[in-house]
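Participant: Okay, here's what each chain looks like letter by letter:
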Amino acid sequence: MTDEQVLGHADECDGIEEFDNPSPTWLNLMFLGTFVYAIFYFGWWHVWGNRSQAALYDAQVAAAEAAAPPEAKVALEVTPETVAAGQKVYTANCQGCHAADLTGATGPNLVDETWIHGGALEEIQQVIANGVASKGMPGWKPIIGEAKVNQVAAFVYDRSHQP
Amino acid sequence: MTATHPEPAGNAEAQGRAPSSVAYDDWIVKAFVVATLLWGFVGMLVGIYIALELPFWPANLDSPYLTFGRLRPLHTNAVIFAFAGNVLFAGIYHSMQRLLKTRMFSDALSQIHFWGWQLIIVAAAITLPLGLSQGKEYAELIWPLDIAVAVIWVVFAVNFFGTIAIRKVKHLYVAIWFYMSMVLTIAMLHIVNNLALPATLTRSYPIYAGMTDALVQWWYGHNAVGFLLTTPFLGLMYYYVPKTANRPIFSYRLSIIHFWALVFLYIWTGPHHLLWSGLPDWVQTLGVVFSVMLWAPSWAGMLNGLLTLRGAWTRLRNDPMIKLWVVALTFYGMSTFEGPLMSIRDVNSLSHFTDWTVGHTHSGALGWVGMAAFASVYYIVPDIWKKKLYSRDLINLHFWLGTAGIVLYVVPLWVAGITQGLMWKDLDASGNLVHGAFMDTVRVLLPLYWLRLLGGLLYLGGLVVMIYNLVKTVRGEAAEPAAVPAPAK
Numbered sequence: 012m013t014d015e016q017v018l019g020h021a022d023e024c025d026g027i028e029e030f031d032n033p034s035p036t037w038l039n040l041m042f043l044g045t046f047v048y049a050i051f052y053f054g055w056w057h058v059w060g061n062r063s064q065a066a067l068y069d070a071q072v073a074a075a076e077a078a079a080p081p082e083a084k085v086a087l088e089v090t091p092e093t094v095a096a097g098q099k100v101y102t103a104n105c106q107g108c109h110a111a112d113l114t115g116a117t118g119p120n121l122v123d124e125t126w127i128h129g130g131a132l133e134e135i136q137q138v139i140a141n142g143v144a145s146k147g148m149p150g151w152k153p154i155i156g157e158a159k160v161n162q163v164a165a166f167v168y169d170r171s172h173q174p
Numbered sequence: 026m027t028a029t030h031p032e033p034a035g036n037a038e039a040q041g042r043a044p045s046s047v048a049y050d051d052w053i054v055k056a057f058v059v060a061t062l063l064w065g066f067v068g069m070l071v072g073i074y075i076a077l078e079l080p081f082w083p084a085n086l087d088s089p090y091l092t093f094g095r096l097r098p099l100h101t102n103a104v105i106f107a108f109a110g111n112v113l114f115a116g117i118y119h120s121m122q123r124l125l126k127t128r129m130f131s132d133a134l135s136q137i138h139f140w141g142w143q144l145i146i147v148a149a150a151i152t153l154p155l156g157l158s159q160g161k162e163y164a165e166l167i168w169p170l171d172i173a174v175a176v177i178w179v180v181f182a183v184n185f186f187g188t189i190a191i192r193k194v195k196h197l198y199v200a201i202w203f204y205m206s207m208v209l210t211i212a213m214l215h216i217v218n219n220l221a222l223p224a225t226l227t228r229s230y231p232i233y234a235g236m237t238d239a240l241v242q243w244w245y246g247h248n249a250v251g252f253l254l255t256t257p258f259l260g261l262m263y264y265y266v267p268k269t270a271n272r273p274i275f276s277y278r279l280s281i282i283h284f285w286a287l288v289f290l291y292i293w294t295g296p297h298h299l300l301w302s303g304l305p306d307w308v309q310t311l312g313v314v315f316s317v318m319l320w321a322p323s324w325a326g327m328l329n330g331l332l333t334l335r336g337a338w339t340r341l342r343n344d345p346m347i348k349l350w351v352v353a354l355t356f357y358g359m360s361t362f363e364g365p366l367m368s369i370r371d372v373n374s375l376s377h378f379t380d381w382t383v384g385h386t387h388s389g390a391l392g393w394v395g396m397a398a399f400a401s402v403y404y405i406v407p408d409i410w411k412k413k414l415y416s417r418d419l420i421n422l423h424f425w426l427g428t429a430g431i432v433l434y435v436v437p438l439w440v441a442g443i444t445q446g447l448m449w450k451d452l453d454a455s456g457n458l459v460h461g462a463f464m465d466t467v468r469v470l471l472p473l474y475w476l477r478l479l480g481g482l483l484y485l486g487g488l489v490v491m492i493y494n495l496v497k498t499v500r501g502e503a504a505e506p507a508a509v510p511a512p513a514k
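Protein chains in written order, with the numbering used here: chain E, 12 to 174; chain U, 26 to 514.
Certain hints may be false.
Claimed, not checked - Selected chain E positions facing chain U (Cβ under 7 Å, derived; list incomplete): (1) Q16; (2) V17; (3) E28; (4) T45; (5) Y52; (6) W56; (7) H57; (8) N61; (9) Q64.
By construction, these hints were calculated from the structure, which means they are not laboratory data.
We put the CB at the ideal spot given by N, CA and C, even for glycine.
Generate the whole structure from the sequences, applying the supplied hints.
Facilitator: Structure, rendered in structure tokens:
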């Protein structure tokens, strides 16, 4: 520090002087290191690694499907078991639009007298499974699977047919 | 170049003060300082309000004008373009006149710049709560306002480069280079990102479609961070740190190398906002690697600032302005390490869309931009108003309120973000989401949101202390004669 010389620019820099120290070695190495990383990261993805987002997605889905236990079949029927299971599915997926007490919000009321697409158990199940695209209701079968669709249909049927 | 050579001697007297023939335009600096403090207070207050709405939604009072979705862009626009923008203009008009030893090129252009910019801010504060928005983050303003911004920016640019053209020195100090990068790049980013076909007075359609639009948006969005909140603030750092510490800059050559490395690498990093999206894989990869390569040039700026303070370390104990700069530079280093980290695909798949991003933004915004702005203004006000600073103890209080506020803001959001990311990725044995409802994560995060609100309140409290201190300064006693450069000999 004792042999540091200022450059003598102060006249031109409102009195601010400047040393001309070299950049710290570790910083230079870090800079070069990130360039090496960049080359390898690019190569790993696009040259020798030949990775792609789409292929990674397919591999993950395939792995998940291979690991998943086969889905238990659930018959479409109103039993205390299907209703209880359906309630959990409803809480997780449906109450955001149809409200916790099923009286509707963004989506229609499910416990009044009116059924837009039919109130039979099979009709309710079809609407849940396939959705009503024009009204913003998604088809749930590809999202939660047939078993859960049947359970939540049983739950909705049960609640809408209370005495 | 029209630059004339400086008079060889005599100019350096009194630490580079202007020769008596130059009358600097200090009114414009004062105006931008006042605007900085006013809009800083408003913008941060709106931030506090929406931070309250997150854990306590009834705070929106059932009014559409006060919902999070409308006030959030008001907060971001106010703190970025009104608070940070005005403090940059204050610092630039203050330092460039002194560095170039000349009054601004045109007082009229300075005035148009000031009043035009404030009018745009007022218009933004009206249109955004009304729900008038382009829906592009940090580019929400509707097309008539975008045109106004472009016109005012060009006015500023003409004045800026005009002043460089009429300068009385030959050398361009590094701070001027950093300012220049802002003036040029922000003009380019703003105009290209806002190209749109107007449909009505308040609505327009971007000329780009789909993914292209998203890519242009984030090319703009990230470089607004780069060329508004980073490079010109480094310019302020290169002027006010050596001035405050009264020390020479650590390294001239490091300042040149990191300037060019920074501006060259920064402009490519936008795609890191669109990882795991429909953007072509190779473009995403470019965004990743350029972000990682930006790490060292960013740290070079931090080091050049911190190492300039060598020999002034003892003052760290009792000079609150040095403390503000040390915290600002440290947070700059912290967030420019965190940014490249979050740009790597595997980290990003956890951090993206979570509160970690918000925490990262605020460690840069509150830590770097805010603290650097405060430190600069504490230097400018006594210098321009020629008054003695009212209280160094109050600056110290501001320092502690601000620093504690940042920690209480950022740490809870790290925890919140990582929690959120892990919960979203949690799958059960059959591959279904364990936490399928968004509400599941919100419930877990509520205590952390209250903590972040507390952090924000402390930070705003610091600003209030600052405003009080500066008002007392301006109304207080004049600076001691010794501080005023007297024609010696």
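Participant: Each hint: holds or not?
Facilitator: Going through the hints against the structure:
1. Q16: 10 Å, violated
2. V17: Holds - the Cβ of V17(E) comes within 7 Å of chain U, reaching about 5 Å at its closest.
3. E28: 4 Å, holds
4. T45: 5 Å, holds
5. Y52: With a minimum Cβ separation of about 5 Å from chain U (threshold 7 Å), the hint on Y52(E) holds.
6. W56: Check passed: Cβ of W56(E) comes within 5 Å of chain U, closer than 7 Å.
7. H57: 6 Å, holds
8. N61: 11 Å, violated
9. Q64: Holds: closest Cβ of chain U sits about 5 Å from Q64(E), inside 7 Å.
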